[in-house]
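With the hints as your guide, set chain Z onto chain U.
Protein sequences appear in the order of chains U and Z. Residue numbering for the first sequence follows our numbering, beginning at 1 and increasing consecutively. Residue numbering for the second sequence follows our numbering, beginning at 1001 and increasing consecutively.
A few of these clues could be false.
[Stated by the list, open to error] Each computed EDC-like pair below joins lysine to aspartate or glutamate, with the alpha-carbon atoms no more than 16 Å apart:
no. : chain 1 : residue 1 : chain 2 : residue 2
1   : Z       : K1207     : U       : E57
2   : Z       : K1200     : U       : E56
3   : Z       : K1200     : U       : E30
4   : U       : K140      : U       : E14
5   : U       : K258      : Z       : E1160
6   : Z       : K1258     : U       : E160
7   : U       : K67       : U       : E30
8   : U       : K234      : U       : D224
9   : U       : K200      : Z       : E1160
10  : Z       : K1207     : U       : E56
11  : Z       : K1235     : Z       : D1175
12  : U       : K207      : Z       : E1057
13  : U       : K207      : Z       : E1160
14  : U       : K200      : Z       : E1056
[Stated by the list, open to error] Derived Cβ-Cβ restraints for the label pairs, each shown as a range:
no. : chain 1 : residue 1 : chain 2 : residue 2 : range
15  : Z       : G1182     : U       : G183      : 50 to 56 Å
16  : Z       : L1253     : U       : R195      : 29 to 35 Å
17  : Z       : L1216     : U       : S236      : 45 to 51 Å
[What the hints assert, rightly or not] Which bits of chain Z does chain U cover? Going by a derived footprint, with three or more residues having C-beta under 8 Å, they are:
no. : stretch
18  : 1108 to 1118
19  : 1157 to 1166
Since the hints were derived computationally from the structure, they do not count as laboratory data. We put the CB at the ideal spot given by N, CA and C, even for glycine.
2 protein chains.
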Amino acid sequence: MIVLLTNDDGIYAEGIQMLGEALLQDEEVELYIVAPDHERSATGHAITMHRPLRAEEARFFHNTELKGWAVNGTPSDCVKLAIEYLLPQKPDLVISGINRGANIGTDVLYSGTVSAAIEAIILGIPAMAVSLVLPFDESKHPDFRFAANFMLRTLRCICEHGLPPDTLLNINVPDKSRREIGGVAVTRLGLRHYRNTFQKRIDPRGKNYYWLAGELVDSSREEDGEDTDVAAVKKSYISVTPIQFDLTNYQLLEELQKIDWGI
Amino acid sequence: MIVLLTNDDGIYAEGIQMLGEALLQDEEVELYIVAPDHERSATGHAITMHRPLRAEEARFFHNTELKGWAVNGTPSDCVKLAIEYLLPQKPDLVISGINRGANIGTDVLYSGTVSAAIEAIILGIPAMAVSLVLPFDESKHPDFRFAANFMLRTLRCICEHGLPPDTLLNINVPDKSRREIGGVAVTRLGLRHYRNTFQKRIDPRGKNYYWLAGELVDSSREEDGEDTDVAAVKKSYISVTPIQFDLTNYQLLEELQKIDWGI
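Next up, chain U with everything else stripped away, as it sits in the complex:
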């Protein structure tokens, strides 16, 4: 089984390396890492059209069997380039992560981690995206081990059950001990609301500038439901959300067909 591993935190991030080490424990896995050469968070589904890409070979974990490339592009670029040029054959599965920080609710639209997995399913390859949900107290160093081992088990589970080629699993694992985790919740995407999105500041020359900031508004509001990823991770569950890429609002098609567009 050929697995392509990528992320948006960059190829030298701890999360992808911990996940790579865990997956190597499965002898049936032939693992390749193709990931950005530096952090590319919040790049959404950007692709690089106006400058060329380069792929530098990289080595990891003192494991000479493992092949990897650092690419000067976005997570989506990495998946495209890996599948088209760098890997000896098409992978059976693409995994993106482990991201440092949750990718839940509407925030998945901005997520490079999830976009890499969406790129895979556009190309017809099943995929998973995995993120570590950090606690509010960010002074604790994140511990990717439990999430990495969960992904190793999930990989075996997926091999058994199969995944449709046009769907990815978006997985968010709380950074907690096994004892504190409630279990696995299969969820739909919830909403994430922010307020005071920007801070307006004045530079040393007296001109305005704006920093994206934003406080998360408590999004476990009742109207958003208990079956969302946002609600699941708040209750210390591992959230698993099936994601597809057809944005069509089918419910509105019929209504729009009634309109006279004047043409």
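Chain Z only, in chain U's frame:
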């Protein structure tokens, strides 16, 4: 009616200016333009987190009534910043475009034009994205006039019918004369397939690099259906697709709930 106009081709692109001029013909419209200071195509839903944004005032069309800002960020940044800081009050509608080139099928995931409109509906504001479908012969200078006038009529139509706040209309208008256009087709998103996505080249120092290229595979294949945006523009129709931002694959939720995740 307050309308925010943005794009991804940059604030000084012809498409946004032609659309702005057309919308100003409606006396009920109070128009603001907030758009990137240079072309930001294929940025997907990227947002700028790691550097500050600046907004410079801009003037257009020799019309001193019109207010505009050029922002050194992505289309999504522009919408966020406009709504939070730059506009005197929340707009009633966001329009993104007119993009130079189609935004149809799976390509909408990469589109800065469509992402700006998605940002608007995330913030609860109805939106439209509009793109000009260019002919294969790119030597002809694109003519935005018909598309701009169509948007003016559609704006009035939308005022009358209303749009749900969580849906945008993705509109693609062929760059053809009124006579050649078949009419309006309400469509779902189709698929776009590419082959030979990258060209591999060798730089003057003997090292490999890769350019994103890609030939579009004829995507009017029967299995993809006649009711898609891809099929509609091929037949010289104006395509109108309702788009939402919930990527959950609801059909798979139940099946995934049966899996034993070992936790």
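Do the hints match the structure? See the list:
no., hint, verdict
1, Z:K1207 to U:E57, "holds, 12 Å"
2, Z:K1200 to U:E56, "holds, 14 Å"
3, Z:K1200 to U:E30, "violated, 25 Å"
4, U:K140 to U:E14, "holds, 15 Å"
5, U:K258 to Z:E1160, "holds, 13 Å"
6, Z:K1258 to U:E160, "holds, 13 Å"
7, U:K67 to U:E30, "holds, 9 Å"
8, U:K234 to U:D224, "holds, 13 Å"
9, U:K200 to Z:E1160, "violated, 37 Å"
10, Z:K1207 to U:E56, "holds, 10 Å"
11, Z:K1235 to Z:D1175, "holds, 12 Å"
12, U:K207 to Z:E1057, "holds, 12 Å"
13, U:K207 to Z:E1160, "violated, 42 Å"
14, U:K200 to Z:E1056, "holds, 14 Å"
15, Z:G1182 to U:G183: 50 to 56 Å, "holds, 54 Å"
16, Z:L1253 to U:R195: 29 to 35 Å, "holds, 30 Å"
17, Z:L1216 to U:S236: 45 to 51 Å, "holds, 47 Å"
18, 1108 to 1118, "holds (count 5)"
19, 1157 to 1166, "holds (count 3)"
Consistency note: the structure conflicts with the earlier hints numbered 3, 9, 13.
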